[in-house]
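Going down the list, the protein sequences come from chains A and B.
Position one of the first sequence corresponds to residue 1 (this note's numbering), numbered consecutively onward.
Position one of the second sequence corresponds to residue 1001 (this note's numbering), numbered consecutively onward.
Quick caveat, the hints were computed from the structure, so don't treat them as lab data.
Using N, Cα and C, we set each Cβ at its ideal position, and we do this for glycine too.
Hints may be right or wrong, so weigh each one.
Unchecked claim - Below, in silico cross-link-like pairs of lysine-lysine (DSS-like), each with a Cα-Cα straight-line distance of 25 Å or less:
no.: 1; chain 1: B; residue 1: 1244; chain 2: B; residue 2: 1213
no.: 2; chain 1: A; residue 1: 190; chain 2: B; residue 2: 1247
no.: 3; chain 1: B; residue 1: 1089; chain 2: A; residue 2: 130
To be verified - DEER-style ranges, computed between Cβ atoms:
no.: 4; chain 1: B; residue 1: 1038; chain 2: A; residue 2: 88; range: 21 to 31 Å
no.: 5; chain 1: A; residue 1: 67; chain 2: B; residue 2: 1083; range: 36 to 46 Å
no.: 6; chain 1: B; residue 1: 1003; chain 2: A; residue 2: 47; range: 46 to 56 Å
no.: 7; chain 1: B; residue 1: 1045; chain 2: A; residue 2: 77; range: 32 to 42 Å
no.: 8; chain 1: B; residue 1: 1028; chain 2: A; residue 2: 199; range: 38 to 48 Å
Unchecked claim - So, partial list: chain A residues that the calculated Cβ filter (under 7 Å) puts toward chain B:
no.: 9; residue: 117
no.: 10; residue: 155
no.: 11; residue: 164
Letter by letter, the chains look like this.
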Amino acid sequence: MLHHPKSIINLIRNLGRLPGIGEKTAERLALHILNNPSAQAQQLALSITHMKESVRLCRKCFGYSDHELCTICGVVSRNTALLCVVEQPADMTSIEKSGGYNGLYFILGGVLAPMDGVGPEHIRIGELMKRVERGEVKEVILATGTHVEGESTSAYLAQVLRGYPVTVSRIASGVPVGGDLKYVDQVTLKKAMEKRHAVE
Amino acid sequence: MSGFSTTAIILRRVEYGDYDFILTLFSRDRGKISAIAKSAQKSKRRFGGILELFSLLEIEVGSSRSGGLLILKEAVSRNLFSNIRSDIKKTAYACYWTELINLWLEEGNTHPALYEVFGYVLEQLDRAGIDEEPLSILFQMRFLSIAGLKPNFESCANCRRPTADIDASMVFLSLSAGGVICPSCSGSRSANMKLSKGTIKLLQWMDGGDITKAGRIRFSAAEQKESLLFLESFIPYHIGREPKSLKFLKNYRRGPL
Ligand SMILES: [Zn+2]
Ligand SMILES: [Zn+2]
């Protein structure tokens, strides 16, 4: 890498700081940018700074947004009676991609983690209560992870939501679609068995 | 250290890079160990979602070629204690005990007695309808004994006067002196805690003999409260740190939010 001029090395170093990008890939990307028209490079640089300037948190769900309301909270056709609580924006994206949900979201910003000193005051539990207090939500779907912290956070939320006139549900765990049972892990299989449903 | 098999309880799980976990385990045969679980973040197939906090596992580990971190080769669950995680209070207690063990244990020493106690309280905590507080008193008393930090309940830490001879139902204790301080010495020492003689008796019973019998000892609300207050002050003072989960637990007791 050292045989490159300083300006190229500089870009390689900066690209190399990105997750999952090693020095080789960074070098390839840098040379690719160099060998393409200036307009493209300018666009890339601009889109990065523009994103940093314009993205903020949605006032309602705390997801990423260019405006006060995000592209989900701002849509009138969504079912405002359903509120799905997730840990991070990426979880919301996953559920959106599934196409199986038409309600709204709420991003907690983490999970309770006693050993890491993360308590209720460190995630958006107060904000969630305020959101539910406004009265529009009829069902809260708890979609935190299925690890110990995710499960116990969901149990905690169910507890604090008990005082509100809302139904509280937890996303189901089960056998992945298209899979062979012999490859499904023990815990999932056990849960799937416990939560089996009648076939109509 | 070459490869070996043992039962072990997960004390800590940390993501390592995009694929692996680094686990801290309390093993029955080797004490505290750290091992890397390769690809465990992405592929649930290999370890089957059992590499969770407090999971009791049958594990097989091998040493890496460079001789550094141990590698988790296989893991089978013995008990995942899944009722603990579906209850925030149970989770908070389990986290406190786990963190205590992790703070106090050093790698390389076995502690079969502590392993036994830890497994017992987790198993009990996992049951429905069990009270968490007496279990925590039991765990903390046994932990102190095993760690060699047992409070001196028998006599005044200053003048050796037997506690039985102190003519009062409430007895003063000093954290720094490690136990009881009689009324005539209480001026010279920082006697900053109080316990009733009845509570002291209960705590002593908790500490000795068969653990299943000790687990059945009943506390009144007042005895339970002063026991927890004492132990949760005594332990952090003597291990020199306040576990983060203890802070969480204390906040939780004040009521959600
Ligand atoms: Zn939004
Ligand atoms: Zn004395």
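What's the verdict on residue 1244/B and residue 1213/B, does the C-alpha distance respect the 25 Å limit or exceed it? Measuring from Cα to Cα gives roughly 31 Å; hence the hint is violated.
Given the hinted pair residue 1089/B and residue 130/A, is their Cα-Cα distance within 25 Å? holds (24 Å)
Was the hint right that residue 155/A lines chain B, CB cutoff 7 Å? holds (5 Å)
Does residue 117/A meet its interface restraint, that is, does its C-beta lie within less than 7 Å of any C-beta in chain B? holds (4 Å)
Given the hint of 38 to 48 Å, is the C-beta distance from residue 1028/B to residue 199/A inside that range or not? Cβ of residue 1028/B to Cβ of residue 199/A: about 45 Å, so the range 38 to 48 Å holds.
CA of residue 190/A to CA of residue 1247/B, is that 25 Å or under? violated (34 Å)
Between residue 1003/B and residue 47/A, is the Cβ distance one that fits in 46 to 56 Å? holds (51 Å)
For the range 36 to 46 Å, tell me whether the beta carbons of residue 67/A and residue 1083/B fit it or not. holds (44 Å)
Given the range 32 to 42 Å, decide if the beta-carbon distance of residue 1045/B to residue 77/A lies inside it. holds (39 Å)
Restraint: residue 164/A near chain B, CB-CB cut 7 Å. Satisfied or not? violated (13 Å)
Between residue 1038/B and residue 88/A, is the Cβ distance one that fits in 21 to 31 Å? Cβ of residue 1038/B to Cβ of residue 88/A: about 25 Å, so the range 21 to 31 Å holds.
Against the hints set out earlier in the document, violations occur for numbers 1, 2 and 11.
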